[in-house]
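Model the placement of chain C on the given structure of chain L, informed by the hints.
So the sequence lines, in the order shown, correspond to chains L and C.
Read in order, the letters of the first sequence correspond to residues 1 to 403 in the working numbering.
Read in order, the letters of the second sequence correspond to residues 1 to 403 in the working numbering.
Just so you know, not all the hints are guaranteed correct.
A pair counts as met if it fits within one copy or between any two copies, since identical chains are not told apart.
[Stated by the list, open to error] When the alpha-carbon atoms are kept at most 27 Å apart in a straight line, the in silico BS3-like pairs for lysine-lysine are as follows:
no.	residue 1	residue 2
1	K31	K358
2	K30	K358
3	K337	K358
4	K29	K358
5	K211	K4
6	K29	K137
7	K30	K137
Hints listed in this document are in silico derivations from the structure and should not be mistaken for laboratory results.
Here the structure is a predicted model, which is why all the values come from computation and not from measurement.
2 protein chains.
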Amino acid sequence: MEGKIEFVPAGTVTSPRGFRAGATYAGIKKKTNDVLDLGILFSEAPCVAAGIFTTNRIKAAPVVLCQERLPSGKAQAVVVNSGCANACTGEQGLADAAEVAELAAQRVGISPEGVLVASTGVIGQTLPMELIRAGIKQVVLSEDGGHELEKAIMTTDTLPKEVAAKVGESQFIIGGIAKGSGMIHPDLATMLCFLTTDAAVDIDFLRVALKRAADVSFNMVSVDGDTSTNDTVLLLANGLAGNEPISQGSKLADVFQQALDRICIYLAKCVAGDGEGANRLIEVTVSGAPGMAEARLAARTVVSSPLVKAAVYGGDPNWGRVMAAVGRSGVEVVESKIDLYIGNICLVRGGCPLPFNKEEIVAILRSPEVPISLQLNLGTATATAWGCDLSEEYVVINSHYTT
Amino acid sequence: MEGKIEFVPAGTVTSPRGFRAGATYAGIKKKTNDVLDLGILFSEAPCVAAGIFTTNRIKAAPVVLCQERLPSGKAQAVVVNSGCANACTGEQGLADAAEVAELAAQRVGISPEGVLVASTGVIGQTLPMELIRAGIKQVVLSEDGGHELEKAIMTTDTLPKEVAAKVGESQFIIGGIAKGSGMIHPDLATMLCFLTTDAAVDIDFLRVALKRAADVSFNMVSVDGDTSTNDTVLLLANGLAGNEPISQGSKLADVFQQALDRICIYLAKCVAGDGEGANRLIEVTVSGAPGMAEARLAARTVVSSPLVKAAVYGGDPNWGRVMAAVGRSGVEVVESKIDLYIGNICLVRGGCPLPFNKEEIVAILRSPEVPISLQLNLGTATATAWGCDLSEEYVVINSHYTT
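Isolated chain L, as found in the complex (with noise of 0.2 Å):
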């Protein structure tokens, strides 16, 4: 391996050389202290980049945008508000989407064609463009705007979600910021999720890494099993560390991948722990699966159960209903071969309940973070998934979101 990976304190998207961002409040959002709602991130130099994006078959304008144009793997900024989707918006949502990219390519002096863009916010409202056309000729980038930005992009987030590691001797940064909240349940990416770094990447190795960094990350987490239509993780690398281009197999490769699937992970634990409503995180470990897509599946369903969100919330020691959410997943288990342990206590062994100690169970329940832990024994796969506890929070957020 080459260097170790480090968590850069403070670290945020604009911590890779060459980064810039800036945010301003357009009006889009309803004001309150403090509040941004659009935003623009800048590479100085041109980049490689990928994207991931909901697989809904109702995609919002911005989605299709930057699938029209990412093929061509190549980008220089990001423009993204929040308040508003821009998704079941039909030919003029597409219109306002392309508008907004090129009053972005304008405000930082690029082609618009370098230019992706991203919204967050309610369906089926158009873009306020006359906002938005003033509001971005405000905004400022600076060298540590990622902090504005991810402002910016916040809705019912209670905490933003940064994150920066460097590799070695600062080899190369990669940093990132995320959304999250409600409608999480991404089918292969999250709410809204920006990366960069100033790696020189070959363009097919950052396809794969990030798919593979989002397929252990944002596709392991879960709010509420509702997928959005706005999905969307950007990865754009600028090249301005100076390495020797990555690519499959060459020397950077595993620890560029290691240093993105932690910072894809950190992440994604962010967006499941502030869940709309959410007091704890739950991390579900499914161990022993017979391949790794049955380990995914069953993790993702226990940590999106209804029942099981609730019972964590209440501090309710109701492991049947772990049983019952496994078993319900579509992966072939054997009842008489599970053990199932709730942080490091073991409550059904070979099928068979366990007794337990009720109040130890408590304390866990009642912790910040909820390990729970299937063991199938049916072969050696594992995987971690991630969520929230469920309380009438997210109900009372949800029940009256656009009024």
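Only chain C this time, still in chain L's reference frame:
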């Protein structure tokens, strides 16, 4: 068609000729006013019997017992308890289920092979057999005991779910009871449902008819997406109506199927509308789908979406969530062809949002039954699914279920 179908006032599972039932409080559930937790359904004549069970790979002991006995196509009694699911209980659970069947057989004076068993309640606890041994001796059967039996299978249900219908000049009657509430996303059945008829029915036809009826009723409801370990639908036909045995193609086959469908849809809607914490029934109809499987999947995905459910609870006209749900359902849809209605008001035509009067939509969302329909304009298949809104009360109920 042979004869019209009429609902029987105060009809229940003992409305068909020759069926009796009774229940008692054995002490399995916590004592509250009027609570019952153990009951028996009995036919004075031997029955042909069909059953449909959970597809969860973790199956409760009573489900395993029923699946072992039903290939014979014969049964004469059902014994059922609430308060303990007898699921994830290993060999002990199977032995207990067999003993419960034997005790019930002694009580009603038939051989144990004629008894089917069902349980509902907490997973992972063994049956309190001392209480059940004493309890079964107290069960007294009567000709209107269906109402008592329904009470004995309720858990967090707030309303009994009972129905009966007679065909023509009382050629035959079909009766049914059900319980639902939580962990409701049946894959072949709902939590528990017992159906009786005095019609003479050929066993092959009975099995097919029950499957067909379940597919348009119980398999189209969802409360929370969690499929139970104990889902059981049983149909016993004792032939005391004295009709020519009904088989595929015989003159009463159509009307029997129609009556059974209506009975099952009635009970399924009761289960959906009385979901844990529910305030209103949501009815989602998808038409213009390319095939029936697609119509069913799309309807069920929309009615299961926690975000759609929360919006209905809050009276929030956030129709974009309906579009997002159908888009992630896995069904091939073309956004620009979709029409969306809430009640009879069109909100989306050809994928484009229409202006609407918010107060009108809010009024529909606040009514006891909320109809949502999607026209995909791709084919001719139509399916309807039923669910309920998602309230804080669902979380409250499920966060302290075992404590």
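Evaluation of the provided hints:
| no. | hint | result |
| --- | --- | --- |
| 1 | K31 with K358 | between (47 Å within a copy, 23 Å between copies) |
| 2 | K30 with K358 | between (45 Å within a copy, 19 Å between copies) |
| 3 | K337 with K358 | within (24 Å within a copy, 54 Å between copies) |
| 4 | K29 with K358 | between (46 Å within a copy, 20 Å between copies) |
| 5 | K211 with K4 | within (22 Å within a copy, 60 Å between copies) |
| 6 | K29 with K137 | within (18 Å within a copy, 66 Å between copies) |
| 7 | K30 with K137 | within (20 Å within a copy, 66 Å between copies) |
Consistency note: the structure conflicts with none of the earlier hints.
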